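Per this note's numbering, residue 2 is the first one in the sequence shown, and the count goes up by one each step.
If you are wondering where the hints come from, they were derived from the structure by calculation, not from laboratory data.
Note that the structure is a prediction, hence the values are computed from the model and not measured.
There could be a bad hint or two in this list.
[Unchecked claim] The calculated SDA-like cross-link candidates involving lysine to any residue, where the alpha carbons are at most 25 Å apart (straight line), are:
no.: 1; residue 1: K336; residue 2: D314
no.: 2; residue 1: K336; residue 2: L296
no.: 3; residue 1: K336; residue 2: F319
no.: 4; residue 1: K336; residue 2: T292
no.: 5; residue 1: K336; residue 2: E350
no.: 6; residue 1: K336; residue 2: D281
no.: 7; residue 1: K336; residue 2: E404
no.: 8; residue 1: K336; residue 2: A285
no.: 9; residue 1: K336; residue 2: D283
no.: 10; residue 1: K336; residue 2: A351
no.: 11; residue 1: K336; residue 2: R430
no.: 12; residue 1: K336; residue 2: P266
no.: 13; residue 1: K336; residue 2: G377
no.: 14; residue 1: K336; residue 2: M269
no.: 15; residue 1: K336; residue 2: H360
no.: 16; residue 1: K336; residue 2: L279
no.: 17; residue 1: K336; residue 2: H354
no.: 18; residue 1: K336; residue 2: T409
no.: 19; residue 1: K336; residue 2: P280
no.: 20; residue 1: K336; residue 2: L297
no.: 21; residue 1: K336; residue 2: P291
no.: 22; residue 1: K336; residue 2: A273
no.: 23; residue 1: K336; residue 2: Q325
no.: 24; residue 1: K336; residue 2: W356
no.: 25; residue 1: K336; residue 2: T355
no.: 26; residue 1: K336; residue 2: A320
no.: 27; residue 1: K336; residue 2: V247
no.: 28; residue 1: K336; residue 2: G317
no.: 29; residue 1: K336; residue 2: Y323
no.: 30; residue 1: K336; residue 2: P363
no.: 31; residue 1: K336; residue 2: L284
no.: 32; residue 1: K336; residue 2: E352
no.: 33; residue 1: K336; residue 2: N392
no.: 34; residue 1: K336; residue 2: R347
no.: 35; residue 1: K336; residue 2: L389
[As the list claims (entries may be wrong)] FRET-style restraints, in silico, Cβ to Cβ:
no.: 36; residue 1: E559; residue 2: G406; range: 28 to 38 Å
no.: 37; residue 1: R746; residue 2: A231; range: 47 to 57 Å
no.: 38; residue 1: R310; residue 2: H354; range: 39 to 49 Å
no.: 39; residue 1: E559; residue 2: G249; range: 25 to 35 Å
Ideal Cβ positions, reconstructed from N, Cα and C, are used throughout, including at glycine.
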Amino acid sequence: MTWTVDEVPDASTGEPVDGLSTPPAPPADGAPPPAPTATRTVPSVPGPRSPDTGPDEDDPDETELLEGESAEAEGTDPPPATFSVEYSSGQVAGVVYGGLHQHFDRVRDYHELTEQHVRNLLGTFVEPGYRQTDGERLVSAEATGLLLRHGGAVLVGAAGTGRRTAALRLLDGTGRTLREIRSFDPARDEQLSITALPMHPEVAYLLELPERAEQVHPGFARDLAAYVEALADLGSYVVVTVTEEVWGQLTPASEGLVLRVGVPPASMVLDAQLRRLLPDLDLAWLAGTPTVAGLLVTATPAEAVRLARLANDILGTFARSYRQDLHGPDQPAAKDLVEALVSAFRNWEAELHTWFGQHPAPRPRLFLVAAAVLAGSAPGRVLRAAELLGNRLGDNPPPGLGEAGVRTLLDEVGAELDPAGRVRFRRPRYGDAVLDFVITDRTEEFERELWRWVARLPIDGTRVDRTVAVGIAELVLRTALRRRSPEILALVTAAWARRPELRVPLVEILELGALSPEIGAAIRRRLYRWAVAQRNHPSVLATVARVCGGGFADFYVEQALVRLGQLARWGQSEVDEAVLAALSSIWRRPVLRTAVLLRLARWLAGPPGPRVALAGRALELLGQPPAVGVPDQLVDPVPDSPTGRVPDDRVDRVLATVGHEPPEVVEAVGTAIGRATVVGTDIPVGIVVLLRRWCDAAAGDAPRTGLVTRLLAHGVATGPAAGRRVARIRGLLHDWQPPAMDHERPERAALREHLVRELHRVDVSLTRHPQPQRWSTNGTV
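Starting from the given sequences, assemble the full structure and let the hints guide the process.
If you want it as structure tokens, here you go:
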């Protein structure tokens with residue numbers, strides 16, 4: 002869906018909005034159901050908005066969030082945010098609540114390739130699943146044998162053909178640990194190249210190429226053979242999935258295994274899925290019924306899977322005794338199943354078209370849409386929401402006894418109350434079908450008004466109903482994924498970003514959208530664009546930071562840190578606080594600490610500005626020892642310490658982490674700190690505090706003395722102005738331990754003299770043998 006700046010409504014015109022009272026146009030006979038997404042070019046239809054339902058004046062402009070592009074600029078330098086790191090052994094990143102659990106589990110399984118997830122997927126695999134370039138079909142055992150012989154394969158196939166499942170079937174046959182490659186960031190106009198791909202021993206890699214050829218380096222196909230050969234030396238394998246269009250535009254590889262997905266008959270996929278979902282029923286006859294067989298003629302494997310899931314949902318509404326009466330197509334229950342299945346597969350299009358034709362009045366239409374959004378809520382809440390929608394659209398008649406009440410409306414829209422007194426539709430997935438129908442049948446401005454109304458439903462004056470918020474969040478995410486429409490999340494972000502009570506569900510749906518296979522790339526691009534463009538909306542920037550600090554970083558840590566780096570440039574206290582909180586959250590995950598250290602080192606080595614100061618503060622905050630004596634799991638015993646361990650209250654977490662890192666990380670951190678000492682008129686406060694704490698930990702401790710010496714030596718040995726860096730660090734050391742106090746603390750005096758001596762030695766060496774400049778000043782994030 003494409004929305005442009007020209008389509009922003011002008012509420013001052015007073016023209017009526019294209020609302021539910023407009024009768025829908027009938028579809029052509031035999032026309033397929035509307036596509037999940039739609040692109041229209043229509044004039045905007047502005048209309049009145051009542052004060053109690055419109056967006057707040059301070060809310061971010063929706064068009065800015067939808068477009069998200071503007072020139073980058075350094076922020077000013079306001080007072081720093083007040084933030085402290087709180088360590089909690091019970092805190093876990095990425096915890097979600099309510100109906101979003103299922104989405105979180107789904108995206109985590111998708112990216113982590115958990116064993117159970119892979120087993121479930123492979124249980125749906127249908128042979129023969131592959132074709133060679135000459136057209137010969139292969140079963141999985143034959144294709145796996147080719148992969149083992151070649152070390153890698155390219156698997157070509159369109160979306161919806163089961164390409165990912167076929168790739169996992171190949172990789173599973175290698176007996177190696179399965180991993181997904183996620184090193185590509187399309188938001189930064191990068192091109193995926195072979196040099197960016199990982200290489201670890203005994204791993205089977207899955208790499209899905211982007212959907213546009215311009216996002217892939219032209220030499221990718223040519224260089225793939227060398228990458229496969231390098232992996233073979235490590236006992237590893239790779240399968241690359243790609244569409245036919247993209248593969249055809251890349252430079253052909255001179256050698257290597259190229260297979261195509263052998264799309265199985267949809268009837269076989271349906272049968273396999275039904276056996277998995279409904280093992281207690283024999284539904285082998287279903288694919289052979291004339292109506293279902295007609296659907297399967299042009300169905301992709303993905304559509305056959307959807308058909309099986311719909312059958313499972315429909316049978317869930319059958320009584321147990323009626324459900325067991327499914328031995329053949331002639332049984333009454335079987336006929337009911339087929340009829341409902343075909344309608345549900347077509348998104349209840351015919352039924353909704355008939356219903357709208359028979360119900361031209363606004364009130365039942367408003368109630369239908371409200372019930373679709375608030376299914377599972379009390380009927381009074383649904384009716385109130387319908388009236389609010391009518392106010393927004395200008396479709397509401399005055400309330401009174403002359404209008405239909407809840408009982409009549411429930412019957413009119415095909416809904417009922419469940420035993421708990423909550424509204425539910427009698428037809429499976431009918432609410433989703435209703436939303437799809439009204440969205441695709443009306444203008445884009447109507448859809449915007451619809452989602453503005455949806456976003457306001459949890460807000461009652463100054464109070465937020467958290468139960469409604471969780472349900473709305475799940476609906477918004479589910480609809481955005483089903484329709485592949487990231488714009489829906491952007492509209493909700495505009496309404497929810499400034500409200501603390503809605504912060505958690507907003508962050509969760511953005512995070513889940515960013516990780517989803519349906520709209521993940523689009524949401525990750527939007528997060529980047531918001532980070533570089535939304536300077537005037539700190540609430541949106543802080544939301545981006547919170548997303549980056551959550552489960553998003555578990556799978557895309559480099560992309561999360563890149564976006565945090567853009568946020569750090571603005572120098573706004575609210576945003577800085579959110580960035581520091583995000584860095585703290587990522588830092589709590591030991592496997593991600595190296596990435597955090599290297600990224601903060603790059604910020605420190607950048608040009609003067611708010612980001613340099615924030616990087617110094619981040620290192621100081623992340624390095625703070627536990628406040629209540631809770632040992633850090635990365636602080637190992639120090640052999641040369643008198644007690645075998647530096648006391649917990651003296652352990653700097655950054656220093657302890659750097660001590661476990663390879664030499665190149667130690668050099669990067671030391672170089673960045675040295676650069677930061679001369680980037681401005683004074684050493685950043687965070688770096689001063691950090692270095693003083695490092696010296697506290699190193700005094701009288703030989704191993705930490707050696708580590709601090711190496712760090713500071715790197716700090717003065719790389720880049721220009723080595724003498725100035727030596728002078729500033731020497732001044733810091735004398736402030737830390739004044740010579741007049743040496744008799745009271747001889748171990749601190751000894752450390753100061755040792756470090757000054759070593760820095761002088763490095764400085765003299767550089768004067769006699771100048772080294773080439775190695776640090777970057779271009780500010781690359």
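Okay, the hints, checked on the actual structure:
1. K336 - D314: 16 Å, holds
2. K336 - L296: 16 Å, holds
3. K336 - F319: The given pair, whose Cα atoms are some 13 Å apart, holds under the 25 Å limit.
4. K336 - T292: 11 Å, holds
5. K336 - E350: 19 Å, holds
6. K336 - D281: 19 Å, holds
7. K336 - E404: The hint is violated at about 38 Å.
8. K336 - A285: 15 Å, holds
9. K336 - D283: 15 Å, holds
10. K336 - A351: 18 Å, holds
11. K336 - R430: 19 Å, holds
12. K336 - P266: Holds, at roughly 24 Å.
13. K336 - G377: Between K336 and G377 the Cα gap is close to 29 Å, so the pair fails against 25 Å, i.e. violated.
14. K336 - M269: 21 Å, holds
15. K336 - H360: 28 Å, violated
16. K336 - L279: 18 Å, holds
17. K336 - H354: Given that 25 Å is the threshold and the Cα spacing comes to 23 Å, the pair holds.
18. K336 - T409: Violated, because 29 Å separates the two Cα atoms, which is more than 25 Å.
19. K336 - P280: Holds - the C-alpha atoms of P280 and K336 are around 20 Å apart, at most 25 Å.
20. K336 - L297: Judged against 25 Å, a Cα distance of about 18 Å means the pair holds.
21. K336 - P291: 12 Å, holds
22. K336 - A273: 21 Å, holds
23. K336 - Q325: Distance ~13 Å between K336 and Q325 Cα, so the pair holds.
24. K336 - W356: Distance of about 22 Å is within 25 Å: holds.
25. K336 - T355: This hinted pair holds, its Cα atoms lying about 21 Å apart.
26. K336 - A320: Given that 25 Å is the threshold and the Cα spacing comes to 15 Å, the pair holds.
27. K336 - V247: Outside the cut-off at roughly 44 Å; violated.
28. K336 - G317: At roughly 16 Å apart (the allowed maximum being 25 Å), G317 and K336 satisfy the hint.
29. K336 - Y323: Holds, because 12 Å separates the two Cα atoms, which is no more than 25 Å.
30. K336 - P363: 34 Å, violated
31. K336 - L284: 13 Å, holds
32. K336 - E352: OK: K336 and E352 at ~17 Å, within 25 Å.
33. K336 - N392: 43 Å, violated
34. K336 - R347: Holds, at about 17 Å.
35. K336 - L389: Roughly 40 Å separates the two Cα atoms, so the pair is violated.
36. E559 - G406: 28 to 38 Å: 56 Å, violated
37. R746 - A231: 47 to 57 Å: 54 Å, holds
38. R310 - H354: 39 to 49 Å: 24 Å, violated
39. E559 - G249: 25 to 35 Å: 30 Å, holds
Checked against the numbered hints listed earlier, the structure breaks hints 7, 13, 15, 18, 27, 30, 33, 35, 36, 38; every other hint is satisfied.
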